[in-house]
Amino acid sequence: MSGLTSTPARTRPATRWVAVATTLLVLGSLAGCGLVALRADRVGEGSGLVFGFLAWNLFLAWVPYVLALLIGTLDRDGRPGWLLLGVGVVWLAFLPNAPYILTDFIHLGAVAGVPLWFDAALIASFAGTGLALGLVSLVLVHRVAARRLGPAAGWVGAVLVLALSAVGVYLGRFPRFNSWDVVTNPGGLVSVVLSRASDPLGNPFLLQFVLGLSGVLLVSYVLTWLLAAGLLGPARRTAVPPSRTPARGPLRAD
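Residues in the sequence shown are numbered consecutively from 184, following the numbering used here.
One thing to keep in mind: the hints can contain errors.
Just the calculated beta-carbon pair ranges, DEER-fashion [to be verified]:
1. Leu210 - Leu406: 13 to 23 Å
2. Val375 - Arg199: 37 to 47 Å
3. Val297 - Gly261: 45 to 55 Å
4. Ala346 - Phe288: 31 to 41 Å
5. Leu406 - Leu347: 34 to 44 Å
6. Thr206 - Ala412: 33 to 43 Å
7. Leu401 - Trp239: 25 to 35 Å
8. Val405 - Asn368: 29 to 39 Å
Note that these hints are calculated values from the structure, not bench results. Each residue gets a CB set at the ideal place from its N, CA and C atoms; glycine is no exception.
Turn these sequences into a full structure, and let the hints guide you.
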């Protein structure tokens, strides 16, 4: 069977999988925002929106997901590797925002007004959705890398990305950097990274945090990958990117 006739058969389940995943992620996002609104209604507008920052953090977690969809679209349309790499760099810069929300549990119990379990559920809804956004976006990018570079390269890249994401979460939670600092404050960001890297054993907490979070992310990702592989099948390698004419319709993604 030729590539032109087999591609639609592979694309349909991938498109359905992405559609279902996106729908669930949207519902999770709405549920979290609904809990913030309910808390505001319960305690009053003055202090009820104290957890409103979670909505912004979740918005930042959506950025890598959207970029992953774009990478999948560019790959399927046969765009050159340098273009995918450029989008991938931006994707990687924003990816730590997804698992970062896990650290927002430090705010649990900081503001009274509702039962502690309610705030725990509120933060968990954002943290779970944010983590899922990051994991699914990595699955999408991983499958592109596996098709273009091979399965081994795909897994090496995925593990490295998870470790870098853990470092990014540390930089965001403690030195208080964010994704924008890659452009707006590169000197300060590089200075802190080099100072930490020059004496890695001198900061036990940094090692414990990065290794611990990397382990959590890796286990979570392997489970997500196995689920996706069961639904989509293995990512087949393409030695040469497809050369058909790029679609001019709405963006689509594998």
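Hints and how they fare:
Under the hint 13 to 23 Å, the C-beta atoms of Leu210 and Leu406, about 20 Å apart, fit the expected range. Distance hint check for Val375 and Arg199: the Cβ-Cβ separation is about 43 Å, which falls inside the suggested range of 37 to 47 Å. Take Val297 and Gly261: their Cβ atoms lie about 52 Å apart, and the range 45 to 55 Å holds. Remark: the range hint 31 to 41 Å for Ala346 to Phe288 is contradicted by a beta-carbon distance near 22 Å.
In this structure, Leu406 and Leu347 break the distance hint of 34 to 44 Å, their C-beta atoms being roughly 20 Å apart. One distance hint, 33 to 43 Å for the beta-carbon pair Thr206 and Ala412, is violated here, with the actual separation near 20 Å. For the pair Leu401 and Trp239, the supplied restraint of 25 to 35 Å holds, since their beta-carbon distance comes to about 27 Å. At about 34 Å, the CB distance of Val405 to Asn368 agrees with the hint of 29 to 39 Å.
Of the hints listed earlier, those the structure fails to meet are numbers 4, 5, 6, in rising order.
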